[in-house]
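K.L.:
Given the structure of chain A, go ahead and fit chain B onto it with the hints provided.
2 protein chains.
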Amino acid sequence: MLNNTLIVGLGLIGGSLAFDIKSKKLSKHIYALDKDQNTLNTAIEKGVIDGAFKEGVKYDFVIFCNPISTLESVAKNIKEHIKDAVITDVASVKEYPESVLKPIFKERYIGSHPIAGSHKNGFENASKDLFSNRLTIVCPTDISKKDHIEKVKTFWEHIGAKVEIMDAKTHDEIFATTSHLPHLIAYALTKTLPEEYKNYVGQGFLDTTRIGASQSELWTDIFLYNQENVLKSIELFKKQLDTLENAIKDKNKDNLKSMLDEISEKRKNL
Amino acid sequence: MLNNTLIVGLGLIGGSLAFDIKSKKLSKHIYALDKDQNTLNTAIEKGVIDGAFKEGVKYDFVIFCNPISTLESVAKNIKEHIKDAVITDVASVKEYPESVLKPIFKERYIGSHPIAGSHKNGFENASKDLFSNRLTIVCPTDISKKDHIEKVKTFWEHIGAKVEIMDAKTHDEIFATTSHLPHLIAYALTKTLPEEYKNYVGQGFLDTTRIGASQSELWTDIFLYNQENVLKSIELFKKQLDTLENAIKDKNKDNLKSMLDEISEKRKNL
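Going line by line, the protein sequences match chains A and B.
Following this note's numbering, the numbering of the first sequence begins with 1 at its first residue and continues without gaps.
Following this note's numbering, the numbering of the second sequence begins with 271 at its first residue and continues without gaps.
Same shape as in the complex, but just chain A (with noise of 0.2 Å):
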């Protein structure tokens, strides 16, 4: 059971935590830091949050889900107040926010990611139970503390996710991979569309470019931060695109066959 929990950045993911908490009881209080009055007046009117940032309360237990590129400006911030708090945050790349928060938290500080989300963001999209069942990837840094580690892994868990722990480094490969490259590839599809065809997309069109609608903010950050890992997918995609456009400019039928078979079966173990 936690005491003062702050939540910094009451998007898609700060406000659905805070729903969660909340309706979990997992937090005796629960605040909240946003740059919108609005956005913090409607949570506590809704009684999601129990009142907005203020110093003087003793937090036990911060989560940044603000903007990856105000990190580290936002924790500089209430660094002087957050001082008993174990810190997190639910960025999507890894390695940049331990660059960044570990050095101002020390042993304090534990990452998180928790693999859910939608193409809908704001507080007005938030809801209860986003993380339930999800995987969350807890990335402690070489100084965490054994038992703050614990705490946070405890936490996402009460949530309703299935926590792994894994080094921001290895999760910062795996996800350029999985989630990064995805989006890229929703958005170049996207793009490649002609207005003029627009009425011609099937319900295959869209589904593959769903996540194309992904507010640009938040990805414009995640490709720029994690650069290295999203242009090494980027090749390995290419490749794998180029081998499949040359098996069709070949016409070699029988092999363009058995890759698309054994793609298939892949896509469907998935």
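Hints were generated in silico from the structure; no laboratory data involved.
Simulated crosslink set (EDC-like; lysine to aspartate or glutamate; CA at most 16 Å straight-line):
id : chain 1 : residue 1 : chain 2 : residue 2
1  : B       : Lys298    : B       : Asp320
2  : B       : Lys468    : A       : Glu164
3  : B       : Lys502    : A       : Asp242
4  : A       : Lys128    : A       : Glu157
5  : A       : Lys22     : A       : Asp129
6  : B       : Lys508    : A       : Glu235
7  : B       : Lys502    : A       : Asp250
8  : A       : Lys169    : A       : Glu228
9  : A       : Lys24     : A       : Glu157
10 : B       : Lys538    : A       : Asp207
11 : A       : Lys249    : B       : Glu505
12 : A       : Lys76     : A       : Glu55
13 : B       : Lys415    : B       : Asp354
14 : B       : Lys376    : B       : Asp412
15 : A       : Lys102    : A       : Glu80
16 : A       : Lys232    : B       : Asp512
17 : A       : Lys151    : A       : Asp84
18 : B       : Lys536    : A       : Asp207
19 : A       : Lys120    : B       : Asp531
20 : B       : Lys521    : A       : Glu228
21 : A       : Lys251    : B       : Glu498
22 : B       : Lys519    : A       : Glu235
23 : A       : Lys58     : A       : Glu80
24 : B       : Lys508    : A       : Glu245
25 : A       : Lys232    : A       : Glu173
26 : A       : Lys120    : A       : Asp207
27 : A       : Lys146    : A       : Glu107
28 : B       : Lys468    : A       : Glu173
29 : A       : Lys238    : B       : Glu515
30 : B       : Lys536    : A       : Glu195
31 : B       : Lys421    : B       : Asp354
32 : B       : Lys423    : B       : Asp330
33 : B       : Lys295    : B       : Asp320
34 : A       : Lys198    : B       : Glu434
P.N.:
Then chain B, alone, in the frame of chain A:
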């Protein structure tokens, strides 16, 4: 009202059409031709068709739903028995079917492409209302008779589809981008995923690759029978991917963000 409708190939599309023709009472009798006797028996038992194809029936409407690569051979095999019928097919490409079916059936052939389907295939996945409110493209040839075109158009409208008339060349150009390209992308992205990462895919990866589970035989045919347009679409996609990749390489945040903004808006309007 049709008298004797013949469905060639009782797969997902042929089977679903049989369900609709039967339940909407669009034809006095429905016959089907399929290489699999079990499928025919099942369809007869379910009351979806009245019997297997036989000589001596005066067919007035024939729908080829068999694989693209067998369109020509099957058409030649049965052409003497369907001399009074208006002929259509449901292939996802339209130039090739026209090139083989028009010489056989002359002014009686009109192509169709119902924009509906599934990554699942076969009669066992066939169902009613698959085409309901979906677009069906009808492609007359330069010698199709007006009343035959009307018959095909009316058929699809009675099935519940919205019909648009288009020539086969335009069809194949458009659908290379709106349908064939996303399938190829989904296959390529599925292939890019390393086996050891498969526990880390989220809903984004799953949606983007859903159609990567599509039937290999069907899609091998589609890619090869629409080779030229598909290759052009791949080049257009690669250009868009390169543009995004370069913005990531340049770390030009404003530029990347404004591109993603525009794409995200475009996708929301699909």
